[in-house]
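J.: From first to last, the protein sequence lines are chains A and B.
When we follow our numbering, the leftmost residue of the first sequence carries the number 1, and every step to the right adds one.
When we follow our numbering, the leftmost residue of the second sequence carries the number 1, and every step to the right adds one.
Heads up, a few of these hints could be off.
What the hints assert, rightly or not - Quick list of simulated restraints, FRET-style, between CB atoms:
1) B:Leu224 <-> A:Tyr62: 23 to 33 Å
2) B:Thr11 <-> A:Leu24: 39 to 49 Å
3) A:Arg71 <-> B:Ile173: 33 to 43 Å
4) A:Gly37 <-> B:Val167: 38 to 48 Å
Calculated from the structure, these hints are not laboratory results.
Idealized CB from N, CA, C, for every residue including glycine.
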Amino acid sequence: MFNGIWSTLVGLLIEDGQLAIGALVALAITWLLAAAGGNQTQQVVGWALLAMVLVLVVTNLYRAGVVARARISSVRR
Amino acid sequence: MDPLTLAIAATPSFVASAVEFVEATTIVLAVGVTRGWRAPLLGSAAATATLAVIIGTLGVAIVTVVPEHLLKGVVGTLLLLFGLRWLRKAILRFAGIVAIHDEELIYLRELAELREQGLRKNEFDWVGFLVAFKAVLLEGTEVAFIVIAFGAAGGAALGSAVAGAIVAGILVIALGVALQKPLTMVPENWLKFGVGAMLCSFGVFWFAESLGMEWPGDALSIPLIVATFLAASWLAVRMLKTLLPDGAQIEARNV
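The whole structure should be built from the sequences, with the hints applied where relevant.
T.: Rendered as structure tokens:
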């Protein structure tokens, strides 16, 4: 079981590290918004988190696509 | 709770657990077909008992000691992190950048490895026992995590999550026993795609709730959030196919 937990952690923090760090930053910003803002801000933090996560996913995958394309061109050369 | 409401509430846990059960069943089948059924069945039973003890002690302690808003915050964070990982991999597979997860290939590889290790007559098959034990314990831990995550709201939510996981387990194991082959007809990447979107959506929903937000229509917002994740994922697949029209088929860790 500990092997499984370990491989999941490694996967999360190393293989998908940038995505995990980005998600944690988005969660921290959401928490700060809710803590610093008033009641009205508190009622929209979920939508803000959703928007941040969607931008993060699309950006991360775009970067992954660019990296894969660069790897393929370097192998062909 | 009426049967229809229970079915709707149990669906996320059912789909997510089914993916894990397919993986465990594939490995247990490979051991049983090559080395006989006694050891893998005992290994599976021992793993199930170990899991029950872990969930019984840790699960009860978590639900009774940790305050609800803190539990929702922590579970929301974990769901979002795990969900994003599943979603990313599923999108990369759909775009052809990472190879599709092939249960048939895993099954054949497992068969070849087990045959290589051989088996003496009249000796308890410890290899078969341990391979099945490990597979059931690892995938079972993930099912337990899924059930605790989807049932974090307690009461009816927990009941629905447990029901979803149990039905998924019965269905997948029955299919495995009936076919005696890996469950290749289960479209695993589609399931992972949907489950990734659901885990992320529940993560966002609960994390915001833990901060005091009241979603419009409460849980009715979840389908809208899931749809938004699916739409963004579809856009990401299109974007990647434009970047790499012929795909790449490389290791996930290299992108």
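J.: Take the hints in turn and mark each one as holding or not.
T.: Against the structure, the hints come out as follows:
1. B:Leu224 <-> A:Tyr62: 23 to 33 Å: holds (25 Å)
2. B:Thr11 <-> A:Leu24: 39 to 49 Å: Since threonine 11 of chain B and leucine 24 of chain A have Cβ atoms about 28 Å apart, the given range 39 to 49 Å is violated.
3. A:Arg71 <-> B:Ile173: 33 to 43 Å: Given range 33 to 43 Å: holds, Cβ gap about 40 Å.
4. A:Gly37 <-> B:Val167: 38 to 48 Å: holds (42 Å)
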